[in-house]
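Chemist: Work out the full structure: start from the sequences and follow the hints.
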Amino acid sequence: MAIADVKEYTHLSAEQVEELGARLDELRARVEASRDADDAAYIHRLIKTQRGLALAGRVAMLAGAYAPKRHRRLRTGATATGAALLGLAKILENMEIGHNVMHGQWDWMNDPEIHSSTWEWDTAQPAEQWKHSHNYVHHQFTNVLGYDNDIGYGILRMAREQKWHPANLGQPVYNSLLALLFEWGVALHDLDVERIRKLEKDPQEMKRQLKQIFRKGRNQILKDYIVYPALSGPAWRTTLKANAAANLTRNLWSYVIIFCGHFPDGALHFTEEQIEDETRAEWYLRQMLGAANFDGSRTLHILSGSLGYQIEHHLFPDLPSNRYPEIAVEVRALCEEYGIPYTIGPLWKQYGQALRTITLLSLPNSVTGHGSEKYGEITPPTAEVADRGRKSDSERPSRRSELGGWSRAGASARA
Amino acid sequence: MRSLLAARRGHGSPHASGPEDRPDHLIGLPFVCTGPDGRGDLAELHRARVVQCALSRVCAVCAQTLDRPLHLVGTAAEADDNAFRLPPAHAVCVDALLEPLRTGDGVVLGHGVGPTSRWSVVVTGGFDLVRPETRDGLHLFRPNAVLERRDLA
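Protein sequence lines, in the order shown, are assigned to chains P and E.
Residue 4 in the working numbering sits at position 4 of the first sequence, with consecutive numbering throughout.
In the working numbering, each residue carries its 1-based index in the second sequence increased by 415.
Keep in mind that the hints were calculated from the coordinates and are not lab data.
Do not rely on the hints blindly, as some may be mistaken.
[As the list claims (entries may be wrong)] Interface residues of chain P toward chain E, partial, derived using beta-carbon atoms under 7 Å:
#1 S34
#2 D36
#3 H71
#4 E113
#5 H115
#6 W119
#7 H132
#8 Q140
Cβ coordinates follow ideal geometry from the N, Cα and C atoms, glycine included.
Modeler: What follows is the structure, encoded as C-alpha cells:
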C-alpha cells in the first residue's frame, strides 16, 4: 500500500495534493518573511524568565537550607517552593527553549548563544545526539514503523502492526518506569538499543556515544546531586531531594507531552512502502496525518514546548514556535477545506488514548480486537505483520534507479 | 526515499565535537557524497546525507556538528538566487568543497564545473531548508541571516 492509498486522503486527486502543498509552502514563506524583532523579543523574554525561575528556585532552596531550625514551616515551604520553581525552569528550558532552539527556529537571529549549533540543554542527553535522533530520525521518518525510534522508544509496542512478544505484557510497568526516568531514557535514545540488542551496532560508534552520554550525565548528576546540595551545608539532604523532585516533575511532564504527539487515536503509522519517493506535498500530508495536537491556554502551550501544535511543528519544525498559534488557524482551515483529519483534543483525553494504546497493545491483537479508534472503519490487523524492526544493510532493498518512476497518477491507473 | 531509509538504518550518526574528529572513512570525500557504507562518489550528492546534514545540523564535509556562523558554498548563480544545493559546512571545511569544484571538470558535487565556473561562499547565521517539489528534485538551502558573501574566480 502506498501513502496515496491511506484512506484519509484517497479522496484527493494528485492535483489537489500538490495544490495543498503549494498553499502550505505559501504559508511557510509568509511566516519566514515576517520573522522580526517581536519574535526575537519573545525568545529573549522566555530565556530571561526561565533563568529567573531557576535562580529564584535555587535561592529559595538555599533560604530553606539556612533558615533557623526552629522555623520548620519556613524551611519546608522555601524548599518546596524552590523545587517547584526549579521544576518549572527545567520544563521551560527543555521544552520551549532547548527543543526549539536545537531545531534551528531562532538561527535567523544570528545570536551567538541562541543557536542550534551551540545550545546545550539541561538534561542528560547530549545536544548532538538529540539533533540526530530527534531532528533527523524522528522528523524525517515520522511514524514510519521500523525507522522512527519514537514509536515506543524501543521498549513499548505502540502499533498493532508491530510484532507482539510475551515481554510486551509488562508494558504498563515499562511505561511507568519510562515516565519516571524519562531524562535517562531520552539520554539513551540515540544509542538505538534495539540494534545493540541484536549485536548490529558498530562497537566503536557505541563506545563514542556512551562516552558522550557518560560525560553529560555525570555533569548533570554533579550539578543537581553534589554541587548544589554541598552549597546547602547541613541541609544538603533536603536540597538533594528538592532537586530530585524538580527533575522528576520535568520527567513526568515532558513524557506526557511527548506521548500526546503521536499516540492518540487519529495519528497514523506508516510503513516503508508508504513513504517511498514521496513528494514535498506528500511529506506534508504524512506529517499532518501522523501527528496529534491538544488544545489549551497559551501558558499550557508554552510549558509544552508548543508541542500542543504538534501538527504545525511537524510541518514547519524550524519556524519560530511563538508563531504556531497563528499557523494552526490556517492549517486547520486547510484540513477542513481538503477533508483531511486534524487530530486535536484536550490534553487529558489525548494522553488517556495514548495510555489505552500502551495497555491494550501489551496483549496480542487476537485478544484486543480493534483496540483503538484510529483504524476507523478499516478492519485493523488481526495478526502482527512480520518483524518491523530494523534490518541489516544487506537486507535493505537497493535504491530504485528510475527516479520519478512512481507517481500518484500511475498508482491510480494501476488500481 | 529508499536512500534516506538506508541512511537512517546505517552509519552516519555523527556525534563528535568538531572537524578535527572527522571519521577516518571520510578522509578525502565529503560526508554529503557518501552512502550508508561510507563509500561514495565525489561527483554526486547523496540525497539522504543532504537531508541528514540539514536536519541534524552537521557539516557537509566532516559530518560533525556545525558551529556558528555557517558557510554555504555554491555557484555565483546559487548565491544570487539565495538557494544553495550543498549543505552548510564549517569555515575550516569550506576548502574541501571549493578545491574539487574549482579544479575539477565535468560533474563535481552535483554541479557541472569547468574553467568558466564562478563560485561563491556565503556566511550566514542560519538557513531555511526547502524540500523538493518533485520526487527527483533537489533540496535547497536558503541562507536567512547573511553576514558576508565572497565571490571567487
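Chemist: If you take the shortest Cβ to Cβ gap from D36 of chain P to chain E, is it below 7 Å?
Modeler: Since the shortest Cβ distance to chain E is 12 Å, the answer is violated.
Chemist: Would the hint on H115 of chain P be counted as holding, given a Cβ-Cβ threshold of 7 Å to chain E?
Modeler: 5 Å, holds
Chemist: Is the interface hint satisfied for H71 of chain P? The criterion is a beta-carbon contact with chain E at less than 7 Å.
Modeler: 48 Å, violated
Chemist: Less than 7 Å between beta-carbons is the criterion; does S34 of chain P satisfy it with respect to chain E?
Modeler: 12 Å, violated
Chemist: For the hint on W119 of chain P, just tell me whether its beta-carbon gets within less than 7 Å of chain E.
Modeler: Status violated, d = 10 Å.
Chemist: If you take the shortest Cβ to Cβ gap from E113 of chain P to chain E, is it below 7 Å?
Modeler: At 9 Å from the nearest chain E Cβ, E113 of chain P fails the 7 Å test, so the hint is violated.
Chemist: Should the interface hint for H132 of chain P be scored as holding, given a Cβ-Cβ cut-off of 7 Å against chain E?
Modeler: Holds, about 5 Å.
Chemist: Minimum Cβ distance from Q140 of chain P to chain E below 7 Å?
Modeler: Interface hint status for Q140 of chain P: holds (6 Å vs cutoff 7 Å).
Checked against the numbered hints listed earlier, the structure breaks hints 1, 2, 3, 4, 6; every other hint is satisfied.
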